[in-house]
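Colleague: Make a model of the complete structure from these sequences and hints.
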Amino acid sequence: MDKWLKSPWFIRVLSFLLTLLLFASVNLDEGNTRSDSTFFSEGNNELATMNNVPLQVYMDETKYVVKNVPENVTVTVEGPNSVVTKTIRQKNFDVFIDLEDVEAGTHTVPIQASGLANQLSVYIQPENIEITLEERLTETFEVETDFMNRKSIEDGYTIDEPTITPSEVQVTGSKSEVSKVSLVKAIVDVTGKSETFTKKEAPVKVYDEQGNELNVFVEPSSVKVKVPIVPPHKEVPIEFQTQGELQGGLSLKSITANPSSVEVYGSNDVLDNIESLNNISIDLSQVNQDTTLTFDVPMPSKANRVEPKTVEAVVEVENTIEKTVNNVELEVENLQQDQSITFISPEDQTIDITVTGTESSLAEISAEDFNAFIDVQEAETGESSVPIEVDGPENLDWQLSNEEAQIRIE
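In this text, residue positions in the sequence shown follow numbering that gives the first Met the number 0: the first is 0, and each later residue adds one.
In short, the hints are calculated from the structure, not lab data. Among the hints, a few may not be true.
[Stated by the list, open to error] The calculated DSS-like cross-link candidates involving lysine-lysine, where the alpha carbons are at most 25 Å apart (straight line), are:
| no. | residue 1 | residue 2 |
| --- | --- | --- |
| 1 | K192 | K150 |
| 2 | K85 | K150 |
| 3 | K204 | K192 |
| 4 | K204 | K252 |
| 5 | K308 | K233 |
| 6 | K204 | K174 |
| 7 | K174 | K225 |
| 8 | K233 | K204 |
| 9 | K174 | K198 |
Modeller: Below you can see the structure in the form of structure tokens.
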């Protein structure tokens, strides 16, 4: 190895290989640099065309919004080979339109370049462009939710009211564009969802009345959306049962459920068979005044859950009073067409009914609230006694002046 290092031929070969490697590296770099460029040489001058050169806009962005500006232009430079090559490699220049002193409206403006060497001639395509400068406007809008693929949710499941954070966004754009804003929506895909989930970055889109998306800037551009997916459920009324009797001198005025109904969750087959929850019993013997009782809501068979889990029974009582309803006429049922009937007692075919209840329940009570009758279907020809039957308001007790009627059928 030491002999090789001291050999002049070895040194020459090594130098040649290093030179070759450096040359290949430079050419590779130039090839990459020129991939977007076209070169033409003429003597010591060179002409090169660069495509897709970004076009800058100089303007007061706090005041205006510009339309119809292309993103890129084509730039051709001509000059000494070395200067052109350096320009192509470094691209250390800007192509722009200057709108700093331009007022709102439609204008034709030249495309300019800066940062290019003085030895170069510059040709920009297009040379001029027609732009529209509009006043900049920012307004705040409430965000709604647009759910995609709703039909993919399992049968019976529903989407409840979503929570959007933040609930408002700022929309910025030209005055004419912002004035078209009709809907601002966060886009959420619910494909395959069967339980509540949160979309942390739901994109926000802005639309006009026809549903066309508008070219505006939205801040923030995405929001967080919590989407409640609710399994099958049914609103079911609460019906209380009573047992025992109130203490003497008291009458039941009302029993009210709070809330009056609950939500029962389960399969659709289970829910179809549930019409009410009526297995909560109140012991009236323990009630001596207006009171509120709290009960656990019983879980229906095969249901998954109920909400809320407790319900209140608001029990109202009043002192008992009596009121007599006079001259309630007795109707006759099932009397054959070829028969006639005579009332022996009560002779006038009326009875009096003494009603017991609360003052409020008896305030408007009258004979029209009762249906008193006798059924003579089993009665034989001649004189007989038949029981008097009465239908009347619920939650009231009553006594009859006559429990039976003495009649004659002929």
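Colleague: Assess, step by step, whether the Cα of K192 is no farther than 25 Å from the Cα of K150, and give holds or violated.
Modeller: Between K192 and K150 the Cα gap is close to 11 Å, so the pair holds against 25 Å.
Colleague: Next pair to validate is K174 with K225; report whether the Cα-Cα distance is within 25 Å.
Modeller: violated (33 Å)
Colleague: Take the C-alpha atoms of K308 and K233, compute the straight-line distance between them, and say whether it is at most 25 Å.
Modeller: Judged against 25 Å, a Cα distance of about 15 Å means the pair holds.
Colleague: Quickly compare the C-alpha distance for K233 and K204 to 25 Å and report which way the hint goes.
Modeller: Not satisfied, since the Cα-Cα distance of roughly 35 Å exceeds 25 Å.
Colleague: Quick one, are K85 and K150 close enough, alpha carbons at most 25 Å?
Modeller: The hint is violated at about 60 Å.
Colleague: Keeping to a limit of 25 Å between CA atoms, is the pair of K204 and K192 held or broken?
Modeller: Holds: K204 and K192 sit about 22 Å apart, inside 25 Å.
Colleague: Keeping to a limit of 25 Å between CA atoms, is the pair of K174 and K198 held or broken?
Modeller: Roughly 32 Å between the alpha carbons, so the hint for K174 and K198 is violated.
Colleague: Check whether the Cα positions of K204 and K174 lie no farther apart than 25 Å.
Modeller: holds (18 Å)
Colleague: Check the hint pairing K204 with K252 against an upper bound of 25 Å on the C-alpha distance.
Modeller: violated (58 Å)
Checked against the numbered hints listed earlier, the structure breaks hints 2, 4, 7, 8 and 9; every other hint is satisfied.
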